[in-house]
Amino acid sequence: MTGIVTDAAMSTTLITSVPGTGSAVTGLADPAGAAGASFVLALALCLAAALVALVLPGRIRPAAAGALTAAAGAAAVVAGVRAVAGETWSAWLPDLLPLLGVRLGLDPLGGVFLAVTGAVAVCAAIYGIGYTRHGLSGRGVQAALPLFVAAMLLVPAAASVSTFLVAWELMAIASLLLVVAEHHKRAAVGEAGLWYAVMTHLGFAVILAGLAALAAVSGGDAFDRIREATPSAAAANLIFLATFAGFASKAGIVPLHVWLPRAHPEAPSQVSALMSAAMVNMGVYGVVRVGLDLLGGGPAWWWLLVLAAGALSALYGILQAVVASDLKRLLGHSTTENMGLVLIGVGAAGFFAASGSRVLAALALVAALLHVINHAAFKTLLFLAAGSVLHATGTRDLDALGGLRERMPYTTGLFALGALAASALPPGNGFVSEWLLLQSLVNSLPEGGVAHAVTMPLAVGVIALSAGLAIATFVKAFGVGFLARPRGEGAANAHESPPTMLGGMLLAGAACVALALAPTLLLPGLARAVSGVVGGTGDPVTVAGAATLRLEGIASTISPLLIAAWLVAALVLVLALPRLFAARRARRAARLWDCGAGPMTARMEYTATSFAEPLGRVFDDVLEPESDIDVTPLKESAYLVERVRFHARVPDRIERRLYEPVLAGFAVAGRAATRLANGSVHRYLAYGFYALTGALILLAVLT
Amino acid sequence: MIGAILQVVLVVAGAPLLVGLMRQVRARMEGRAGAGVLQPWRDLRKLLRKEAINPHGTGWVFRLAPLLLAATALVVTAVVPLVTTASPLDGVADLFAVTALLALGSVALALGGLDTGTAFGGMGASREVTVLALVEPTILLSVFALSVRVGSTNLGAIVTSTVNDPLAVISPVSALAAVTLAVVIIAETGRIPVDNPSTHLELTMIHEAMVLEYAGPDLALIEWASAIRLTVLLGLLGSLFAPWGIAAAGAGPVALLVAVLALAVKVGVLGALLAAGEVFMAKLRLFRIPELLAGSFLMALLAVAASFFLA
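The listed protein sequences correspond, in order, to chains C and E.
The first sequence begins at 1 in the working numbering and counts up one residue at a time.
The second sequence begins at 1001 in the working numbering and counts up one residue at a time.
Be a bit skeptical, because a hint or two may be false.
These stretches of chain C come out as covered by chain E in the derived footprint (C-beta under 8 Å, 3 or more residues) [unchecked claim]: (1) 327 to 335; (2) 560 to 571.
In silico negatives: residues of chain E with every beta carbon more than 10 Å from chain C [as the list claims (entries may be wrong)]: (3) Ala1093; (4) Val1179; (5) Ala1276.
One-sided and incomplete, this derived list gives chain E residues near chain C with beta-carbon spacing under 8 Å [to be verified]: (6) Trp1041; (7) Val1129; (8) Leu1140.
These are computed hints drawn from the structure, not numbers from a lab.
From the three backbone atoms N, C-alpha and C, an ideal C-beta is built for every residue, glycine too.
Produce the entire structure from the sequences given, and follow the hints as far as they go.
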């Protein structure tokens, strides 16, 4: 950083801009500082959106606030892309916060997350214009959304511990307000909000402790200062463990994931998209920033821990998703899975860096970042499409959906696109990043030690199993939710969404297609973001010839664009060839095969629960599904049955084993404590007296 | 280039013959006369002449599924080194991509089955996807085991390295991976003991339940694509573990002819072995299949471990 502030009292706002060449330019309006200018513009637009939402009347509030938030997102994308392209920017606003001031800075790593957040915000804000028109157009919700976006833009741009923590907490509070937006409609929202509030603040507490300790041992609050300091090994271990726990809870990593499948489904859908596609990424950002960048790598066991947590989350998340029959809950569990995959990449990167293979580390981290981007694109699309389904049918229960293919053709097509990407099949975008991740793991063996030989096959097995189960999950979500015939009243009366909602989804869908066909455009930027962190030399992934991905030091290649092109060519061929030989007769409508038992009804269809039953049975040791049968006999006779009711549910085992005992303990303690407060004023006065005397005695003894 | 075109044409034309050969082997071993090797082609011709059927309540997914299945089968045929290792598509898709493309075809068919809204369609789709989800990790792990020695997951590179170093085939890694891949191929193509291709009993069928509503040209496309998938996978097994005869880059017409003959012999022998095995075996219960696949997964893990410790 050049142009250092010498006198804090004198300067109110000093913004320096350092373009790639290194010559210092100061000021906002300068074109060389475009990254910083767009970032400031994005924040200003967010604030304007929040103000507009507070001031304008309810009728035009969603449109105005949504348009401004979308503009802010677009500005953030510009800032992020410019930061990734190598433009750095930093600012110190000493008067904004007491004591330490606000320090902001953009670098390629932060730029990646900034651009992703901005892009998700654009889609969600445009979608929100139509989605919030009925019931969600209140001042609070409309103003909280841009503030939430602003907080998420601030987190990757924070350049000091205090700024980071303030932005982190602002993000938590704004998202909490949005989660409980519909609390008057469903009781579950309040419960979800409570879980989220407690978990996010416990996470904040450990991050606060970890980062405060980091700032204390480094003798400074700014990230630049911390990078130069070398904390002792024990301190670094403690700091890493504390911050990792906090960041993992934000990313929905098992076993700290319990809030995620509650809060994400209960939030309004565009907020679910923001949380699931942008906010959870901040957990990953935190791990990379603190672990790899600020603490400079650390020992191998840190990263094996990260890798193990990621692997556990990937498997557990997708296993819960495969048996879930609530559409948005299923998507929430899938977020846990994908963040797990990302953490496998991050853990592998740290592990490779710790064992000295920088090129592989860079490759694994590029794969992880690319998966963050891909996941953001398809999860935005899927959550928005799920929101449209909820909007049109009033239900999220897959067992009551179906038959949306004719009633909501665009939403169906877009959800299919997202499901293709999420199941990591070509030509979807999820395939490219999982392929990169697999390559980085598969090719580590020849140079690694025994730890590699044990970890990498297991990690590959976990990724492969989660990929297989993800296919099953999304075949279920799309096949049961959208195809065949409607299974419920709501689905039968569904209607297509308004244009703004479709527009938001279309943008996310276009992003998915672009990422699927041309991931090669992103790779140089990602390589730059990664090289600043793991210090690799050269590009880990290069692009050769016709959009073929070539890896540094590995002979495997793949070309997503050509796979798609050849698939299309083959489709045309199989469409055309049989026409030459086949009889040219019109397609004839016919009855479905109903075993001769008369017309089929919707009740005979497979539901999501029945679809997932075989997998639930295969994995019953892990999932422990519960079922019981209630038989109610008629009053007159024990032999005639009035009603038979079958319940089946798959509880979250981790929650049951880990959280419920603690909660029960608190409840017991709380009940026991009520005896202390029995309403007698004399008793309370006595408490005060004893406490004061006790404190005085203690002071007397100590001094 | 010529080799690749030859390979696609050969597989496309020969796949129904392989199915015919396998049925004939079974028939003879069971003491029947059999319908002849050409019967699948006659069936296809008959089906193609019929009119296409739109069952009530089905939509674009139902009609797209057979096309996508056939398209993925064709692309995979062009990628996998069967006649030549120098396919122009070799750098486009590696073994991971081939696996994923085959899975895409299965997914398309499962969605087609779900789109009918019948209990059969849903049941077939559910079972197919369950098997697919369990097969996927095994395939990827055996790919891992095979690629360690070569340092690449591209099929051309793996096969070429085996051609150059034939002794690698008898290593424990290779043997374990071969057994694993064989189990996986049986599961993926729906043969006994995982699925019975000639059953129409609702309690047991997997693949047939999904395609129950298809008729005419659509069914022809599905049958033909399934035959191609079987041929390609058997051919892949042959190429990975017995890569002799495969033409290298720039091979002349004689070498290509030899390669074609070698492929026909390899696939024919493997198909006949598979058919003979089916005669002596009964289908597994549906919920025993995961145990079989878990066993093959374990073997794949052993193969990877062996590839490290024996390297």
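A quick look at each hint next to the structure:
1. Chain E is given as covering the region 327 to 335 of chain C, and this is violated because 0 residues of the stretch bring a CB closer than 8 Å to a CB of that chain, at least three being needed.
2. Closer than 8 Å: that is the beta-carbon criterion, and the region 560 to 571 of chain C has 6 residues meeting it against chain E, so the requirement of 3 holds.
3. With a minimum CB-CB distance of about 6 Å to chain C, Ala1093 of chain E fails to clear the 10 Å threshold, and the non-interface call is violated.
4. No Cβ of chain C approaches the Cβ of Val1179 of chain E within 10 Å, the least distance being about 17 Å, so the stated non-interface status holds.
5. Distance check on Ala1276 of chain E: its Cβ is at least 30 Å (rounded) from any Cβ of chain C, clearing the 10 Å threshold; non-interface status holds.
6. The closest approach between the C-beta of Trp1041 of chain E and any C-beta of chain C is roughly 12 Å, which is over the 8 Å cut-off, so the hint fails.
7. Among the interface hints, the one on Val1129 of chain E holds; its C-beta lies about 5 Å from the nearest C-beta in chain C, closer than the 8 Å criterion.
8. A cut of 8 Å between beta carbons decides the hint on Leu1140 of chain E: the least distance to chain C is about 4 Å, and the hint holds.
Violated hints, in rising order: 1, 3 and 6; the structure is consistent with all others.
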